[in-house]
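Peer 1: Residue numbers (this note's numbering), protein chains in the order written: chain A, 14 to 452; chain B, 7 to 453.
Some hints here could point you the wrong way.
Said to hold, decoys possible - Derived lysine to aspartate or glutamate pairs resembling EDC-like cross-links, with alpha carbons at most 20 angstroms apart:
{"no.": "1", "chain 1": "A", "residue 1": "K314", "chain 2": "B", "residue 2": "E80"}
{"no.": "2", "chain 1": "A", "residue 1": "K167", "chain 2": "B", "residue 2": "E94"}
{"no.": "3", "chain 1": "B", "residue 1": "K319", "chain 2": "A", "residue 2": "E420"}
{"no.": "4", "chain 1": "A", "residue 1": "K367", "chain 2": "B", "residue 2": "D267"}
{"no.": "5", "chain 1": "A", "residue 1": "K314", "chain 2": "B", "residue 2": "D146"}
{"no.": "6", "chain 1": "A", "residue 1": "K36", "chain 2": "B", "residue 2": "E433"}
{"no.": "7", "chain 1": "A", "residue 1": "K314", "chain 2": "B", "residue 2": "D223"}
{"no.": "8", "chain 1": "A", "residue 1": "K309", "chain 2": "B", "residue 2": "E346"}
{"no.": "9", "chain 1": "A", "residue 1": "K309", "chain 2": "B", "residue 2": "E144"}
{"no.": "10", "chain 1": "A", "residue 1": "K309", "chain 2": "B", "residue 2": "E148"}
{"no.": "11", "chain 1": "A", "residue 1": "K314", "chain 2": "B", "residue 2": "E144"}
{"no.": "12", "chain 1": "A", "residue 1": "K314", "chain 2": "B", "residue 2": "D199"}
{"no.": "13", "chain 1": "B", "residue 1": "K145", "chain 2": "A", "residue 2": "E313"}
{"no.": "14", "chain 1": "A", "residue 1": "K314", "chain 2": "B", "residue 2": "E196"}
{"no.": "15", "chain 1": "A", "residue 1": "K163", "chain 2": "B", "residue 2": "E346"}
{"no.": "16", "chain 1": "B", "residue 1": "K319", "chain 2": "A", "residue 2": "D147"}
{"no.": "17", "chain 1": "A", "residue 1": "K314", "chain 2": "B", "residue 2": "D267"}
{"no.": "18", "chain 1": "A", "residue 1": "K167", "chain 2": "B", "residue 2": "D267"}
{"no.": "19", "chain 1": "B", "residue 1": "K319", "chain 2": "A", "residue 2": "D95"}
To be verified - A few chain B residues that don't get close to chain A, going by computed Cβ distances all over 12 angstroms:
{"no.": "20", "residue": "L204"}
{"no.": "21", "residue": "P226"}
{"no.": "22", "residue": "P282"}
{"no.": "23", "residue": "D363"}
Hint data in this document are derived by calculation from the structure and do not stem from the laboratory. Think of the CB as a built atom: it goes at the ideal place given N, C-alpha and C, for glycine as much as any other residue.
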Amino acid sequence: MKTLAAIAIAWILAAVPALAEVKIQEVISPKGIRAWLVEEHSIPFTALEIRFKGGTSLDAPGKRGAVNLMSALLEEGAGDMDAQGFARAVESLAASFSFGAGDDTVSVSARFLSENRDQAVALLRTALLEPRFDQEAIDRVRAQVISGLKSDAKDPNAIAGEAFAKMAYGDHPYGSKGEGTIESVSALTRDDILAAHRGVFARDRLFVGAVGDITPEELGALLDRLLADLPETGAPMPPKANVTIEGGVTVIPFDTPQSVALFGQPGMDRHDPDFFAAYVMNQILGGGSFEGRLMKEVREKRGLTYGVYSYLVPKDLAAVYMGQVSSANDRIAQAIEVIRAEWRRMAEEGVTEKELQDAKTYLTGAYPLRFDGNSRIASILVGMQLDDLPIDYVNTRNDRINAVTLEEVNRVARELLQPDKLHFVVVGRPVGLETSGPD
Amino acid sequence: MFSRIALIAGLVVMALPAVATGIDDAVTDFTLDNGMQVVVIEDHRAPVVQQMVWYKAGSADEPRGASGIAHFLEHLMFKGTDTMAPGELSATVAANGGQDNAFTTYDYTAYYQRVAADRLELMMKMEADRMVNLRLTEKDIETERNVVLEERNQRTENNPRALFREQMNAVQYYNHRYGVPVIGWKHEVEALDLDDALSFYRTYYAPNDAILVVSGDVDPQEVRALAEKYYGAIPANPDLPERVRAQEPPQRAARRLVFRDPRVAQPYVSRSYLAPERDPGAQEKAAALYLLSELLGGGSTSYLTDRLQFRDKLAVYTGAFYSGTSLDDTTFDFVIVPREGVSLQEAEAALDKALADFMREGVDQEMLDRIKLQLRAARIYALDNVDGIASRYGRALSIGLTVEDVKAWPEILQSVTAEQIMAAAREVLRPEVSVTGWLMRDGEMTQ
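If we strip away everything but chain A, and leave its shape as in the complex, we get (with noise of 0.2 angstroms):
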């Protein structure tokens, strides 16, 4: 054992692992687009990741659900094509298209092959353009979002998940599913999925990346063709939410033997000085490997659950510190006893200098990991866009991870970990454990 942990630290020294070579270049297209690519030739395809900033968030009051079923029907009928004439044309491409709506962006992800590449975004450009919105399809995808509503409220996790969020954010968009309620999604309109259209689709909210076999000058024709036309501003973006999360426990009785827990504090915003002082703080109490506290108390150590994570949620709008654990009925009670109790160590004592560098060179180590594949690494750089993250970070990052202080992840410990202010959604039949703390 000696010998292996010898080792184990000499490789530590030699070598933190090289970064691939990703070299990323900003390309500004003809008209004006602004993307950012990494070009690899070595395999004749190309990832593009298109963002647009507000997601459905951007859903009007009333209206929640509208961006969400609108994003899903894009793939259903464009130009003079309908939905399964769409689908034909996509796969004689043996292209993939795929568009997504979340609490902040709307995304579309697209992967096409160098041979047919102007046909792809030719078509890529009908769906985002020339969207149908067939009566037909509007119907036929609205069950399909109903039906995934109605499995939603049997399960568990879900249920926490919308009980979590309507106590954190109130009547902010965020206090609700982006997918609506079975009662606003029969209401939505074909003008209102046109409407959603108009919100979300626009140059003054637009991020792309791509990574592939493209040059520079392919990329700037390409953004031309694909989204130059998109109307120059689109839905004022939402205001900011507010966070209230008062300490506490909210159970949801559900019969299942398992309970599941959300729990959460306020968080940190992606922009604070602080924040990888946060991140790296955050890894060492709930990280996802094997190596957290939480893991190693709750499941090492008791193996009274099967996972327990915590995570910084930084959206847009507001940002939240969060965390799960699925415990059966009668342990439950006791994985929060243990979770409440790491937290406030964590806060009152902080991390050791072994744990910073354990986490340290993990953080650094796994971030080269990532970078792997056209579709990821496009991906990353519509994220880094995003966050405001210079075109450089790349190759920084793991330096502002390596300068974090020892006393900085101790101060920012206190500072952020609220252990009174922490809530706990349960939802099943936990034993021991009823609803207390401020309504």
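Dock chain B against the given chain A, drawing on the hints supplied.
Peer 2: Below, chain B without anything else, positioned relative to chain A:
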């Protein structure tokens, strides 16, 4: 529009194969003297490596009464050895900036690490160590068994769809262990002990029952040298049992079940048929069945989707599934999720009618050509995910296929004819040997 699409498709058909042969050049394979198979897949785009060790032992190899032991052992493999403390392996991977995990299925158990390429030797040293030097305590057993029970709670007990799937499998397989869940029946998992774990470990964890798959920024000669040093030093297990399992008898009657649970929000009909799997040197029928599943349920243009979602508007979702990468007889499955107001009876009747019509009408050649085109393109996209290719080799080799079988598979798929697909469909999709399940809300009437 159509003429343009047709033209494009023509161009793609001609151009793809030349590029797509690339991946085979990146694959090297050899066998160590102790019988351990090794596959190396090179991708030098990033200085990252993935090591996977696949054991040809899964839940279907477990002794009767000890269901879940293969998966439980997978958890226990992260405890200590003679030279590593419990948890030290994962801690060391993490301290080297890597990620590790493992998974268990019916036919195999696999362990992997992803890490910077210059850490491969350390990963091999540790993985080889736990192949034979695992040390377990009663305390490990007790705590980790609770973790596994919570995993079962999370995956299965809390999920009526998963409970339903378990019942479907149990009804589909009367005699074969595919009828028992990988994670194990709850009452048997609760009784698993140290002896069960060690007995399974000593029987199956040996180099002659394992496959090493290394992918990423590596040189095959260096991998060979390291593999010989760490795995080559471990003697083969001379008592490794032959992999012979109790097989299914011919199914002679259609089987039905109804599963009710108050937590069901969206009722649906599930259907399965026993189907042949890919066999070494004989993958044609499996290829035909795979294409059949794509034709019937592979996407929004597929036969069932077109018919049941678009034309008749009876379903919110339909799907057809076939995975031939299996040691013994696998299944061909369907699901139909009816729209609001459509009963399960109506949904099932619509599915049967659609299948009967498909049998009469036969394969739409244009649709088959589009599917084959996409499969060719998938080989290009796959080059971007070398770890995915590594998994494909690991899965295939652990069910007894050869590297040559894996390399031949794409061409076999391309060569399958409409006639072969219909012949396979007639052989497998026989109503008299189907299993049909209804997932329903508690209290819901069957009619």
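Peer 1: Confirm or reject each hint.
Peer 2: How the hints compare with the structure:
1. K314(A) to E80(B): holds, 18 angstroms
2. K167(A) to E94(B): violated, 40 angstroms
3. K319(B) to E420(A): violated, 63 angstroms
4. K367(A) to D267(B): violated, 49 angstroms
5. K314(A) to D146(B): Holds - the C-alpha atoms of D146(B) and K314(A) are around 9 angstroms apart, at most 20 angstroms.
6. K36(A) to E433(B): violated, 54 angstroms
7. K314(A) to D223(B): violated, 37 angstroms
8. K309(A) to E346(B): At roughly 46 angstroms apart (the allowed maximum being 20 angstroms), E346(B) and K309(A) break the hint.
9. K309(A) to E144(B): holds, 18 angstroms
10. K309(A) to E148(B): At roughly 16 angstroms apart (the allowed maximum being 20 angstroms), E148(B) and K309(A) satisfy the hint.
11. K314(A) to E144(B): Since the Cα atoms of K314(A) and E144(B) sit roughly 13 angstroms apart, the hinted pair holds (cutoff 20 angstroms).
12. K314(A) to D199(B): Status holds; Cα separation ~18 angstroms.
13. K145(B) to E313(A): holds, 11 angstroms
14. K314(A) to E196(B): Roughly 18 angstroms between the alpha carbons, so the hint for K314(A) and E196(B) holds.
15. K163(A) to E346(B): Roughly 11 angstroms between the alpha carbons, so the hint for K163(A) and E346(B) holds.
16. K319(B) to D147(A): With a Cα-Cα distance of about 15 angstroms, the restraint between K319(B) and D147(A) holds, given a limit of 20 angstroms.
17. K314(A) to D267(B): violated, 34 angstroms
18. K167(A) to D267(B): Judged against 20 angstroms, a Cα distance of about 11 angstroms means the pair holds.
19. K319(B) to D95(A): holds, 16 angstroms
20. L204: Its Cβ never comes within 12 angstroms of chain A, the nearest being 20 angstroms, so this holds.
21. P226: Nearest chain A Cβ is 19 angstroms from P226(B), so the label holds.
22. P282: holds, 28 angstroms
23. D363: The claim holds: D363(B) sits with its nearest Cβ about 18 angstroms from chain A, beyond 12 angstroms.
This entry does not satisfy hints 2, 3, 4, 6, 7, 8 and 17, going by the numbered hints stated previously.
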